[in-house]
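Enquirer: Model the full assembly from the supplied sequences, consistent with the hints where possible.
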Amino acid sequence: MVYIQKRLRLPAVRRGFHLITDLLVAELPELERLRVGTAHFFIQHTSASLSINENADPTVRVDFEAYFNRAVPENAPYFRHTQEGPDDMPAHLKAAMLGHAVSVPITNGELALGTWQGIYLGEHRNQGGRRWVVATLMGAE
Amino acid sequence: MVYIQKRLRLPAVRRGFHLITDLLVAELPELERLRVGTAHFFIQHTSASLSINENADPTVRVDFEAYFNRAVPENAPYFRHTQEGPDDMPAHLKAAMLGHAVSVPITNGELALGTWQGIYLGEHRNQGGRRWVVATLMGAE
Amino acid sequence: MVYIQKRLRLPAVRRGFHLITDLLVAELPELERLRVGTAHFFIQHTSASLSINENADPTVRVDFEAYFNRAVPENAPYFRHTQEGPDDMPAHLKAAMLGHAVSVPITNGELALGTWQGIYLGEHRNQGGRRWVVATLMGAE
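Residue numbers (this note's numbering), protein chains in the order written: chain A, 18 to 158; chain B, 18 to 158; chain C, 18 to 158.
Derived from the structure by calculation, the hints contain no laboratory data. Idealized CB from N, CA, C, for every residue including glycine. Treat the hints loosely; a few may be bogus.
Stretch by stretch, here's where chain C covers chain B in the computed footprint (C-beta under 8 angstroms, at least three residues) [to be verified]:
#1 40-48
#2 53-67
#3 92-103
#4 112-126
#5 145-158
Expert: Below you can see the structure in the form of structure tokens.
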């Protein structure tokens, strides 16, 4: 039985959705040791998200940003948490809707993602800076 | 300590929300071996979802479909990812909002769902076809 | 390798979002035994949610309630599941959007939450009563 945990620092990215599967896997050569298990990725922030969606056509990620900007508007007149700028409260709401973590099965040393699946970093602030992700690999050798 | 993983093929279903708890449990007689643990169900697609909600009145699932069809409209004029049909981009967004996986505690060989909880397959395409789910059971005997 | 599971009964709270990190941790002194692992919190209900967001300014939680009340309106004319009151169907939808569970890494005997992160109980019914959460701690000593 194996438990491996690493805290990974992501590069700063612009606001929007970014495919980070390869970046995460490159930091986790230990994946190879696990025959079966799960990989848990947890973002230690409240205005950025982790989710899973299409890894091919980049316009999917553009449409994600466009949709969520409409679904969670800036400057809603009823927002009270406004001191950190108009992008802050919407960022918290988007993070809650999309999620703070993804869990992916591990099969024969690899993430068992579907053919079209990739891991998205949702950066919901205009200037989010670098983000921390805790990766926990659990399973059997 | 036990790690069991199975890849399950779901039957094709029509667009909407479908209760699949019994179907999943029937494929996992190994659940009985675990005294305590978790069951992780992961859908290997980006236009279908797994979530948990009411297992009793079927109108809840009808209302889920009606609500999400309004919250994520087809043919939004700003969508750019439109080549796979008007139901495709909304399907990706619904999948991201609802989630690609559910984790359920295991207690004494059974899923520790609440009395009214069931696992929903959200089929967000008009013709989604059969879907793959990876089930990973982890725990102690 | 350790697997610890406890069923926790939360106090009844008013409709809205409530920070429950300290309450959960106080019930789990066993956390100290785990050097590395994950803590899985699962709510056994379909009209309340668990999510993670800002633990500091309480107006974030007020804005969460205001936003989700607008995003998921009561008395939508197309709702068919209306017998349990106007707050019931929206509560199911909010619970599905926010989630039924959170998983948090454990590092050196503590939840590895980010500085600004806390665990939110979303109580989406007007009179939700006391709620059950199953906590499962998994990891290595």
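Enquirer: State for each hint whether it applies.
Expert: Results for each hint:
| no. | hint | verdict |
| --- | --- | --- |
| 1 | 40-48 | violated (count 0) |
| 2 | 53-67 | holds (count 3) |
| 3 | 92-103 | violated (count 0) |
| 4 | 112-126 | holds (count 8) |
| 5 | 145-158 | holds (count 3) |
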